[in-house]
Amino acid sequence: MRRSILTAIVLVTGLVVLLDLMVVNPSLDAAAGAVNELLVLLAAAAAVGGGATLVAHHARSLAAGDGDSIGSIALLLGMAAILVAGLRPGSSGTADPAVLWLVAALLAPIAASVFALLFIFLLGAFRRGFALRVRETTLMAGAATVVIILLLPVGGQAGDWLAASAGWVRDVPLAGVFRGLLIGIGILVAVSAARSLLAMDGDDE
Amino acid sequence: MTNSAEPAVLDTERVARLRRAAPALLLLLLLALASLLSNGTGGLQLASPDRSRVDQLRRAIGELPNDALVLIAFDADLGTYPEIRAATRVAIDDLAAHDARLAIVSFTPDGRAIAAAERDRIARGAGEPPADLGFVAGAEAGLVRSIASVVPESAQGPTADAIRDAGGGIGAFAMVLVVSGSDISARSWVEQVGSRLPELPLVAIAPTFLDPELEPYLRSGQLTALLATLRDGVAYVEAAAGSAGSNPGPTPGPLPMLVGMLAAIAVLAEAALRRFARRRGRRPKGRAPA
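Sequences listed follow chains G and B, in order. Using the working numbering, read the first sequence as starting at 867 and increasing by one per residue. Using the working numbering, read the second sequence as starting at 36 and increasing by one per residue.
Honestly, the hints are just simulated from the structure, not real lab data.
So the derived label-pair ranges between C-beta atoms look like this:
1. G:V1057 - B:D134: 44 to 52 angstroms
2. G:V1043 - B:E226: 13 to 21 angstroms
3. G:S927 - B:R317: 45 to 53 angstroms
4. B:R94 - G:L1048: 25 to 33 angstroms
5. G:A925 - B:R317: 49 to 57 angstroms
6. B:D134 - G:G933: 50 to 58 angstroms
7. G:G933 - B:R94: 51 to 59 angstroms
8. G:F985 - B:G277: 27 to 35 angstroms
In this text the structure is predicted, and so the values were computed from the model without any measurement. C-beta atoms are modelled at their ideal positions from N, C-alpha and C, and glycine is treated no differently.
Build the full structure now, drawing on both the sequences and the hints.
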């Protein structure tokens, strides 16, 4: 019974959204808009729920004294600082100077620094990769080396040639592979959506 | 009774740890030195010599009618934004220099935080910041909802009124500049908005990791213009910053990039050679290598 209700909901909402994309009709548009509003509410609720679960998990870890207590304290203090800055009485939310300072002076540099460390860690991973899977790592490292050489910031005739070759790699093999992936993903999504709409799953086969 | 060998063991461990960290520290030192010596690096050029991408974006901005409404969809990541920061700032200034009426909206929390900081920076520089349409929750569902209505009730001012007069949704705009990140990128815009508003020109600035994903959309014409590599971004900054009267802030120099890239090649080559030498050493004598 529960399964058929769920299937009916999926079928109706899917068809409404699909038809709204193809047919211009104010009633259909309003119905699809309402479905979309529900989805937005669901996403917002999931985000708030996720945040609350994170706080509860780290508070519990702190209380129990297990796990990384310094990390838990840093996370809870960080969340509290942003929430207080953005939600205190008189605050202008995300445009509040305190929030802007926290983002520009702390959050952005920290995130950019962590991201920049990928360069070092990626090279370290390649070194370890050679010890584990020589053939695959050699292939990856070879491809990476070719791309790096093509992207070397050299000027003059050599730079033009390198840039043209990099453009070819990007436009032909790389774009071809990704175009194939996108088409494949599109077909798979369409098939699985159609299976959901037609209430077909593994048990029916 | 204390063990006299303990300090010696500790020292040996410390030295071993330092020795392991030495290559990374040396690389960081080299990069720092290279960034200090960035000026006067003749023969090096970070800007892409192929200006077709730059021309596409400049043409799209140049063809806008006067007082055109342009939406900046600001959904950059905190981690990758430094890569596209200069190009984004110059593009915003370029649009303003072409008398576009700008509005800014975000569909991700990261994007909203950076957008608020950029609006604040423009206001501090005595420029007029884009009209603030705030944060729309719901990720792609919010994006779809914005096609019908993107102006919050709290938004005030002539640009917000002009958007309301033109229908209040994304269709009110003459162009959308998508500042992409990993959660909501130009791909989401092409799929969710482009399919519903096929006449709306979408131009995008994206970090390099998104380039392979977005390239097919540029090829198919679903994106009007795309800057998705650092070199294209630097070329755009060089081409447009002067005429747009823009100060894009710090931009990467070619020397630190070159040092980093050569170091990466050296590390890969060293690791590969060491591995193959070890394999050769293990092979029994008298057997020919495969």
